[in-house]
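Novice: Take a look at the letters that make up each chain.
Number of protein chains: 2
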Amino acid sequence: MRCTKCHNEATIYIRRHNTAFCKEHFIEYIYGQVEKAIKKYKMFEKTDKILVAVSGGKDSLALWDILNSLGYNSDGLYIDLGISEYSEKSKEVAQKFAESRNLKLHVVSIKDIYGVGIKEIAHKNRKPPCSTCGVIKRYIMNLTAKELQYKVIATGHNLDDESAILLGNILHWQIDYLKAQSPILFEDEAGFARKVKPLYRISEYETSAYCIMKKIEYILDECPMSIDAQSLRYKGMLNTLEKDSPGTKEQFYFGFLEKGKNYFIPEKREIKLNSCKICEQPTTSEICGFCRQITKANLEPLNMKEFILRLKDSNGQV
Amino acid sequence: MRCTKCHNEATIYIRRHNTAFCKEHFIEYIYGQVEKAIKKYKMFEKTDKILVAVSGGKDSLALWDILNSLGYNSDGLYIDLGISEYSEKSKEVAQKFAESRNLKLHVVSIKDIYGVGIKEIAHKNRKPPCSTCGVIKRYIMNLTAKELQYKVIATGHNLDDESAILLGNILHWQIDYLKAQSPILFEDEAGFARKVKPLYRISEYETSAYCIMKKIEYILDECPMSIDAQSLRYKGMLNTLEKDSPGTKEQFYFGFLEKGKNYFIPEKREIKLNSCKICEQPTTSEICGFCRQITKANLEPLNMKEFILRLKDSNGQV
Ligand SMILES: [Zn+2]
Ligand SMILES: [Zn+2]
Ligand SMILES: [Zn+2]
Ligand SMILES: [Zn+2]
Numbered sequence: 416m417r418c419t420k421c422h423n424e425a426t427i428y429i430r431r432h433n434t435a436f437c438k439e440h441f442i443e444y445i446y447g448q449v450e451k452a453i454k455k456y457k458m459f460e461k462t463d464k465i466l467v468a469v470s471g472g473k474d475s476l477a478l479w480d481i482l483n484s485l486g487y488n489s490d491g492l493y494i495d496l497g498i499s500e501y502s503e504k505s506k507e508v509a510q511k512f513a514e515s516r517n518l519k520l521h522v523v524s525i526k527d528i529y530g531v532g533i534k535e536i537a538h539k540n541r542k543p544p545c546s547t548c549g550v551i552k553r554y555i556m557n558l559t560a561k562e563l564q565y566k567v568i569a570t571g572h573n574l575d576d577e578s579a580i581l582l583g584n585i586l587h588w589q590i591d592y593l594k595a596q597s598p599i600l601f602e603d604e605a606g607f608a609r610k611v612k613p614l615y616r617i618s619e620y621e622t623s624a625y626c627i628m629k630k631i632e633y634i635l636d637e638c639p640m641s642i643d644a645q646s647l648r649y650k651g652m653l654n655t656l657e658k659d660s661p662g663t664k665e666q667f668y669f670g671f672l673e674k675g676k677n678y679f680i681p682e683k684r685e686i687k688l689n690s691c692k693i694c695e696q697p698t699t700s701e702i703c704g705f706c707r708q709i710t711k712a713n714l715e716p717l718n719m720k721e722f723i724l725r726l727k728d729s730n731g732q733v
Numbered sequence: 416m417r418c419t420k421c422h423n424e425a426t427i428y429i430r431r432h433n434t435a436f437c438k439e440h441f442i443e444y445i446y447g448q449v450e451k452a453i454k455k456y457k458m459f460e461k462t463d464k465i466l467v468a469v470s471g472g473k474d475s476l477a478l479w480d481i482l483n484s485l486g487y488n489s490d491g492l493y494i495d496l497g498i499s500e501y502s503e504k505s506k507e508v509a510q511k512f513a514e515s516r517n518l519k520l521h522v523v524s525i526k527d528i529y530g531v532g533i534k535e536i537a538h539k540n541r542k543p544p545c546s547t548c549g550v551i552k553r554y555i556m557n558l559t560a561k562e563l564q565y566k567v568i569a570t571g572h573n574l575d576d577e578s579a580i581l582l583g584n585i586l587h588w589q590i591d592y593l594k595a596q597s598p599i600l601f602e603d604e605a606g607f608a609r610k611v612k613p614l615y616r617i618s619e620y621e622t623s624a625y626c627i628m629k630k631i632e633y634i635l636d637e638c639p640m641s642i643d644a645q646s647l648r649y650k651g652m653l654n655t656l657e658k659d660s661p662g663t664k665e666q667f668y669f670g671f672l673e674k675g676k677n678y679f680i681p682e683k684r685e686i687k688l689n690s691c692k693i694c695e696q697p698t699t700s701e702i703c704g705f706c707r708q709i710t711k712a713n714l715e716p717l718n719m720k721e722f723i724l725r726l727k728d729s730n731g732q733v
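So the sequence lines, in the order shown, correspond to chains W and B.
For what it's worth, the numbering used here labels the leading residue of the first sequence as 416, then goes sequentially.
For what it's worth, the numbering used here labels the leading residue of the second sequence as 416, then goes sequentially.
It is possible that part of the hints are untrue.
In silico contact screen, one side only, chain B against chain W (beta carbon under 10 angstroms); selected entries [as the list claims (entries may be wrong)]:
no. : residue
1   : 593
2   : 645
3   : 651
4   : 655
5   : 714
6   : 718
Worth flagging that the hints you see were computed from the coordinates, not collected in a lab.
The beta-carbon is built from N, C-alpha and C at its ideal position, and this holds for glycine as well.
Build the full structure now, drawing on both the sequences and the hints.
Specialist: Written as structure tokens, this is what we have:
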């Protein structure tokens, strides 16, 4: 097969677009799709400081590499959840990547700060680990972005992730989630950084191929605590349909963004926000979810804020 | 396993409701679900004359049997499309059922009226057979209902059919279809009989079980011309999910009716309807779709109307 652009030997075939690319033009295609996503949703500008949530997996590293290659001003944030070997390996991979590109990576280690990992905190709280993990990760991302003045938080969600999430939301008609699902979340008015998903046009297969072509080392494993069987099932279903009619996934998700979403318009939220009595972060309650969970686990919530403020001091440019 | 109602030996287990039934209470359950559907959507009353579209398959025969058992006033309409052996067999089965219950079955045979089957008409028209078939079947149903004064046309669409259709409409975000999809279609203002789907709460598995328990003979084959691979795929996908989490299908379709549908509200149609210049049936064009296709095939559209008017004369009570 020949590259659709230059007619040299192709390295990859994108079935849903019926196009083939050599390495060079595949990378160009990926850049094009990401730029299209950024422009279409006005995610950020070249002058904005972007914080990339880095897990050590293919998607987040591909995202960081692409943003950097396109000349965006991006630093990484790695949250070490203290899940034994998995966390060690993924941190190493993220650090190695950052060093190789001379990029700044903030590392926030739950275990260094609290002496225990996410598992123990969840256990002390009698909460499922994934919900605790979600609260803690979101808090760290928001707080880091706020204190270190990042305008935007970028995550590596790809087309497969977003279409599987959409399918789940549709199968259960979770209207609030349908209203919220978008490649961009303006949370500015809530006092949080904007959240964006610049890879929403790129499939999982394509981010893997990108990493391979760019020789980006990444960890293959998913978080051992969050093997989400339901989401894997939805991805599997969509892949089966995709095999029979290439383009199904893209049609489904892009169709949602272009047509379906007109019917699920988020209401202007009139939520009264308070400052958390402990950490002063915005919250709808008296005390924010993070401080509640950490306190319940007999730990000191403010240790996190202090740690992040120290990152700020060491963050030369701020 | 024991019947949830009477604790006798159960014959069937409904996994999504986690209930088991003996034969008697399964039939009671089916009646209950159909009555619920009829009442919820105000489909029809005991005094209304109902025309059941009968194909000879399990769903339409189960439907007719249920409506009859519940004391509704229903006649059948079998449309013989002239598809060789398939049509012969299915007509026989439908007739045998009607005789056994002493029910009136109208038979409209394309081949008897036009000398050719649906395949030849579609071929002469250079149209795909299924679209021709749809136009012709809808025309015959509407015309029969109108001329023989049936208030309602009932079809055997079950939960599996409706949820597979819904999935297809959602995957492609066919907004107009989403707006139209419903267990009841009021077409009264367009001059057509109301269309209803009283089996929308019953799964395919349950209609089969109903036929077996009631010793209703039905044809297993699908129409050989309309093996809809896409719809089979959607059904397969939903069945896979159903297996892993029983209730998915029902949640998906009922959730659409109860929540999703609030977001896809049909606009009040301001369509100007004419009388077809040939047959006088309502149409948005000068000449209705049926008359156009039949004329194109060098056949006489009015032969159909004449045939149906003769059914009227022989229809004692009218
Ligand atoms: Zn090329
Ligand atoms: Zn707090
Ligand atoms: Zn019983
Ligand atoms: Zn006509």
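Novice: Take the hints in turn and mark each one as holding or not.
Specialist: Checked hints:
1. At about 9 angstroms, the closest approach between the beta carbon of residue 593 of chain B and any beta carbon in chain W falls short of 10 angstroms, and the interface hint on this residue holds.
2. Proximity of residue 645 of chain B to chain W holds as hinted, the smallest CB-CB distance being about 8 angstroms (cut-off 10 angstroms).
3. The closest approach between the C-beta of residue 651 of chain B and any C-beta of chain W is roughly 8 angstroms, which is under the 10 angstroms cut-off, so the hint is satisfied.
4. For residue 655 of chain B, the interface hint holds, the least distance from its beta-carbon to any beta-carbon of chain W being 7 angstroms, beneath 10 angstroms.
5. Because the smallest distance between the Cβ of residue 714 of chain B and any Cβ of chain W comes to about 36 angstroms, over 10 angstroms, the interface hint for this residue is violated.
6. Taking 10 angstroms as the C-beta cut-off, the interface hint given for residue 718 of chain B is violated, the closest approach to chain W being about 40 angstroms.
Going through the hint list in order, the structure does not satisfy hints 5 and 6.
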